[in-house]
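Asker: Protein sequences appear in the order of chains D and W.
The first sequence begins at 0 in numbering that gives the first Met the number 0 and counts up by one.
The second sequence begins at 0 in numbering that gives the first Met the number 0 and counts up by one.
Everything labelled a hint here was simulated from the structure, so no lab data went into it.
Beta carbons are placed, not taken as given, at the ideal position from N, Cα and C, and that holds for glycine.
A hint or two may mislead.
Claimed, not checked - Derived coverage of chain D by chain W (criterion: at least 3 residues anywhere in the stretch with Cβ under 8 Å from a Cβ of chain W; other residues may be distant): (1) 51-61; (2) 303-313; (3) 339-350.
To be verified - One side of the interface only, derived from the structure: several residues of chain W facing chain D at Cβ under 7 Å: (4) Asp73; (5) Ile75; (6) Ser193; (7) Ala194.
As the list claims (entries may be wrong) - Which chain D residues stay away from chain W? Per the calculated CB distances, all over 10 Å, these: (8) Val41; (9) Asn44; (10) Gly175; (11) Gly292; (12) Asp317; (13) Ser413.
Protein chains: 2
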Amino acid sequence: MRVEIVAVGTELLLGQIADTNSQWLGERLAEHGVASHFHQHVGDNHERIVLALRTALARSDAVIVCGGLGPTQDDITRAAIAEIMNVPLVRHEEIAEAIRAMFASRARSMPDNNLTQAEVPEGATVIPQTRGTAPGLICPVGEKVLYAVPGVPYEMTDMFQRAILDDLLARQRAAGLTAVIRSRVLRTWGSSESALAEAVADRFTALQSDPNVTIAFLASGIEGIKVRVTARGDDEEHVAALLAREEALVRQAITGAFGDIIFGIDEETMEHAVAERLRAQGETLGLAESLTGGLIASRLVNVAGASHWLRGSVVAYDAEVKFDVLGVARGPVVSPEAAEAMALGARRVLGASVGLSVTGVAGPTEQDGQAPGTVFVGLAVGDAVTHRRLQLPGDRARVRAYSAISALDFLRRSLDERVRSA
Amino acid sequence: MRVEIVAVGTELLLGQIADTNSQWLGERLAEHGVASHFHQHVGDNHERIVLALRTALARSDAVIVCGGLGPTQDDITRAAIAEIMNVPLVRHEEIAEAIRAMFASRARSMPDNNLTQAEVPEGATVIPQTRGTAPGLICPVGEKVLYAVPGVPYEMTDMFQRAILDDLLARQRAAGLTAVIRSRVLRTWGSSESALAEAVADRFTALQSDPNVTIAFLASGIEGIKVRVTARGDDEEHVAALLAREEALVRQAITGAFGDIIFGIDEETMEHAVAERLRAQGETLGLAESLTGGLIASRLVNVAGASHWLRGSVVAYDAEVKFDVLGVARGPVVSPEAAEAMALGARRVLGASVGLSVTGVAGPTEQDGQAPGTVFVGLAVGDAVTHRRLQLPGDRARVRAYSAISALDFLRRSLDERVRSA
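Construct all of the structure, not just a fragment, from the sequences and the given hints.
Answerer: Here it is in structure tokens:
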């Protein structure tokens, strides 16, 4: 059972809005073990919608088409579906009545164009609206099926969960294709995609002959490189076991090659990893940021409950602020000494138990005799003050972003190290 | 000239990442008057990539395929293209050398799989990398063309701007589709899309009969709402005149209805607008950020030369930091008084001439008796200390982001006001 998603709307092609519907539907289908091999975007044009839907029906078993069901002149999905089904559009009196009633209940007069939403391809089953005016449609096309839903995410998600998912799963069962698909994402920081791939090459090769387990890599910029393990099978328990086994093997391969570079799983970001450790160790954090300009703090405040362990940050962009506020000794401010002094200063000024600092050269020109991309991270924990030197690639924005996650990773590892050596 | 975008990656189908590449490319193509009628997503599967590309080549004149060019086993776009071109993959020695050199320059050993990135379909032209390892490709397919770029946005956007756009426009000209298309984007903050549309409704109606000038609205979240005026014609001078005339009329309509809400044009962000005014007035800025957690500072440091006017920021996430470091009187910290005290404190502590502060409730629960979305911006310029109260919609991340741009807009308008009343 292969489901294709077709999102209709010229605004998608023009890049004026992001297609969150396909992403949401893709995630739901995967959760329920329904394969989805293709997505399409097409504009508000009759011939092209027909072409996109015919293409989808040719290569997939079911199609979910989102958008173009509203009341305005550019809502033409209904007519395109009628052409594909080779049937006329007929007025569905119950829908017309529901639309009239909805306007009446809000004491609003109804523009006549709203009744176009009651036009339904002959032979289609209606999915009633509970949140808007345009109903959804379930349209048989030979042995295949075409589901039409509004493009408004709030209405689309409701119809999918209320009417489409069960219909799809029933068809999947009827075709004898029950399957469960589960994934696990391992998030890493500190290695390259190619080196990771090499580290797990043996697993990759072993899985060539196993259609039920796959490994994929996903370079996610400043979120690190993700390694996704996916398992499929007929029942939940078996799939969970397959996934757990493969995850353990991949973890072993990665940590064997690179050490502790897996900082989280699935949706856990680096800031979550840091937050968890600070909380567990009862520490509070004070930051001193130079080239990152507040980026580290602004990532950390996204973690729920950050106020329990985050005191704040001194963004010391100007050297004088480093001297006057943080107590850094006058002299070069891109140096190990300055980084350490900043970490101590942040801890003191902000009244925190842990101080983390970043100073460096974002570029494009050198500073204090240091090349662009040279960054020092300072860390004050307990009686220890340490630093780490980084050499980062990229333009100013990237050097900043990499500095932020690298500094947090340094903190994560240092907090772990402390527990291990305690 | 119709261009289709094909984004490759199983993670797109599974909904694990959003396809920002198609959106970005769609926007760029539209800006340059290049039609794009379809987008597709396809997973990391050889047969299906081939099918998606053949489908695209059948219904469009050019195809941009993003992703699947990396060094790992699931990067198979190159092989799919070779099959479509019906040619072998050949090792491109210059690319291999560049990849080796890149690893050497970072003093890292190169995993052998990186050299798969030097495999190129015979007859393809290479787009050299400047930001990563996988080169791009320009592949002739009969009269049509297939451009392949990496899926990493940072690398993709660079290759598009450096090599693909000009090639596309040259093909468009060769096909006799020469037209000069120029756009001007007016960036606004402080009105809604529907209200803006209403304000320029007369222009919109007047242009219905003019195929050469169009107005479009683009809600861009925390970048505000953009109003794009586009003019087309056969020569540069004529188009420039059309554009200038329409821009003046639209500006008049907007400022007539809402006052000074246009803060920049084209690529000028709010932080550029603020930077320009601070520089012109010889002021330096110190920030005090609470719920924004460093977001304002981290936006400002993106402006080149920020060190000339930005002193830094005190991110006072914890109330104690507001009291101890910024000198706010003990009491509720989400209040007009606290915002003004924070602005004064930031100015004093950071040694700046202008102090800007933000304090408020990001949510989801209330604080100091204030509802989520309640935000106070404080400003200290010269002898004046003022504040502004905002009520912002959305979840925590959105309240933060809106707070940041609203605070900068308040500073922008206040600095302008000062000049006007001087």
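Asker: The structure should be examined with respect to each hint, and the outcome stated for every one.
Answerer: Do the hints match the structure? See the list:
| no. | hint | result |
| --- | --- | --- |
| 1 | 51-61 | holds (count 3) |
| 2 | 303-313 | holds (count 7) |
| 3 | 339-350 | holds (count 3) |
| 4 | Asp73 | holds (5 Å) |
| 5 | Ile75 | violated (12 Å) |
| 6 | Ser193 | violated (14 Å) |
| 7 | Ala194 | violated (18 Å) |
| 8 | Val41 | violated (6 Å) |
| 9 | Asn44 | violated (7 Å) |
| 10 | Gly175 | holds (22 Å) |
| 11 | Gly292 | violated (3 Å) |
| 12 | Asp317 | violated (5 Å) |
| 13 | Ser413 | holds (21 Å) |
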